[in-house]
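Following the hints, complete the assembly by docking chain B onto the known chain A.
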Amino acid sequence: MKYLVLLIGDGAEKPWPEQTDSEQAAAMAKFGEFDAACAAREGVELLAGEALSGPSDATVMRTAADGRVALTDGPYAEVIEGMGGFYLLEAPDLDVVVELLRILPPYDIQIHPTVDVTP
Amino acid sequence: MREEWGRLVALLLAQFRRLDLVEDALGDAVEAASRTWPVDGVPANPAGWLMTAARRRVVDRLRTEAVAARKQPMLLTDAERHQEGARTMADSGSLVEDDVLRLVLMCAHPALAPEAAGALSLRLVLGVPTADIARLFLVPEPTMAARITRAKKRIVGAGIPFAVPDAAVLPDRLDTVAQTAYLAFTAGYAPGTGPDLLRAELSGEAIRLARVVLGLRPDEPALVALLALMLLQHSRRDARVSDGRLVLLADQDRTRWHHDEVAEATRLLAAPCLAGPVTPLTASYVLQARIAAEHATTPSAEETRWDRIVGLYDLLLRVAPSPSARLARAVAVAEDRGAVAGLDALEGLEIPDSHRPAAVRAELLSRAGETDAARAAYDQAIAACRNDVERTFLTAQRDALG
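Top to bottom, those sequences are chains A and B. Sequential numbering from 1 applies to the first sequence in the numbering used here. Sequential numbering from 1 applies to the second sequence in the numbering used here.
If we strip away everything but chain A, and leave its shape as in the complex, we get (with noise of 0.2 Å):
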């Protein structure tokens, strides 16, 4: 299966500009050790992962029924204000995927599985 990993929130990770230079790279060090776990895993692979820039950044796309694009600045909604970064992957079934995720800093994590629409 396919899965979405989303970042949404710090959880018991404090917040990361409030982090010190050396909780930071403990962090990053755990982004690396997921890496590591997710290559060494039969049937895991990593299909995409990124970090995401501040919610200040975000735009919300709106096309009403008449075809208008309206724009507006900042996150859909407030619950994913905090969301971080994403990663797409392929694993078996929803234990691998939450095993592996256990490495990761203690975020709030969405797990959300993708369907194939392809024809």
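Calculated from the structure, these hints are not laboratory results. Among the clues, some could well be false.
[What the hints assert, rightly or not] The following label-pair restraints were derived from C-beta to C-beta distances: (1) B:P129 - A:T59: 52 to 62 Å; (2) B:K153 - A:R68: 32 to 42 Å; (3) B:A275 - A:A48: 43 to 53 Å; (4) B:A373 - A:A58: 55 to 65 Å; (5) B:A368 - A:A26: 52 to 62 Å; (6) A:P113 - B:P142: 20 to 30 Å; (7) A:V98 - B:P142: 24 to 34 Å; (8) B:K153 - A:G49: 20 to 30 Å; (9) A:D21 - B:A167: 29 to 39 Å; (10) B:A275 - A:D21: 39 to 49 Å; (11) B:K153 - A:V98: 18 to 28 Å.
[Stated by the list, open to error] Derived lysine-lysine pairs resembling DSS-like cross-links, with alpha carbons at most 30 Å apart: (12) B:K152 - A:K2; (13) A:K14 - A:K30; (14) A:K2 - B:K153; (15) A:K30 - A:K2.
[As the list claims (entries may be wrong)] Which residues of chain A face chain B? A few of them, derived with a C-beta cut under 8 Å, are: (16) M1; (17) L94; (18) D95; (19) E99.
These figures come from a predicted structure and were not determined experimentally. Note that the Cβ used here is the ideal one computed from N, Cα and C, for glycine as well.
Here is chain B on its own, set in the frame of chain A:
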């Protein structure tokens, strides 16, 4: 047949990985058996007969699907075949691959809502009819049928595996199984809106679920402690109600308790696996079971060792603090040290949507001779109570104040 249900579901799932087809196919096979066995005689190997019939039905459905809808996503994709490889790697090798354990762990997965996990476990592992599960959880049958269907869809959609997890997370997962079983158990004793006494009998299905898992993992502390706790609570079922009225613990006919179940629970509590360090969940089950055992092994209500029970509640509140444990402790304090001490222990305690704190306060105020305050507390409890049997009891208590 019911004993074989979980094993057959598990074997079919192991072979086909199609949760959406397996249960229907087995249901069809059972239905066919109920038609043909009375005429042709019961086959030499009934379970094997059902397995063959169900397997044939799944294969028929798969064939129809393959022909009719090439676009329809099959569960058995390349990713699924990968899963086999990944799983074998992940298993530490010390675990016996057991299809029934895989089934239990799938049904009681932490990614499912607890009540959905409970319902699904009773349905798939034990074959409890949906109508009975609906009555246990106090919802209409179509609601429960929809809930079970949704849970099955979620298992497929979210990618919840039919697998035994890594040894590192297995204890956590078995804790979830225990919590799932206990939720189903307590549902049978939850105050409902009517006097449906059979619901307590349905709680016995949760005991059966715990036994199935213990059959696979005999020394699992959480399940040993939980089984002891459930047996002790369940042993009083026949004495709890008389002529449609609730009978308090002190007034129950102790000869009607199931003493064989009490004896089994006492043996379980002495199990070596509970002697060492255990998880907080297991510790809370052990303490609740020891409290229940104090009651169950005392010959008469007058001889109850309330001092020991208060001590056990003190420990329980440290391991797993909860308003209902505080309430129960207050009752024990009142028995041990008098109504005024009990009222002190109740101070500030509230449980949303529950009539119980008010009911206990009313009883203790009445014992302390504060009749007016007691009457007001009974009124409050009666207004909040949604169970017919309990409301009748509370009304009688209030009217007896004079």
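Results of checking the hints against the structure:
1. B:P129 - A:T59: 52 to 62 Å: holds (54 Å)
2. B:K153 - A:R68: 32 to 42 Å: holds (37 Å)
3. B:A275 - A:A48: 43 to 53 Å: At 50 Å between Cβs, range holds.
4. B:A373 - A:A58: 55 to 65 Å: holds (59 Å)
5. B:A368 - A:A26: 52 to 62 Å: holds (59 Å)
6. A:P113 - B:P142: 20 to 30 Å: holds (28 Å)
7. A:V98 - B:P142: 24 to 34 Å: holds (33 Å)
8. B:K153 - A:G49: 20 to 30 Å: holds (29 Å)
9. A:D21 - B:A167: 29 to 39 Å: Taking Cβ atoms as reference, A:D21 and B:A167 lie about 37 Å apart, which means the hint holds.
10. B:A275 - A:D21: 39 to 49 Å: Since B:A275 and A:D21 have Cβ atoms about 47 Å apart, the given range 39 to 49 Å holds.
11. B:K153 - A:V98: 18 to 28 Å: holds (20 Å)
12. B:K152 - A:K2: Judged against 30 Å, a Cα distance of about 19 Å means the pair holds.
13. A:K14 - A:K30: holds (14 Å)
14. A:K2 - B:K153: Distance of about 17 Å is within 30 Å: holds.
15. A:K30 - A:K2: holds (22 Å)
16. M1: Result: holds, 5 Å to nearest chain B Cβ.
17. L94: Constraint on A:L94 satisfied, holds at 4 Å.
18. D95: holds (5 Å)
19. E99: Where the cut-off is 8 Å and the nearest Cβ of chain B is about 7 Å from A:E99, the hint holds.
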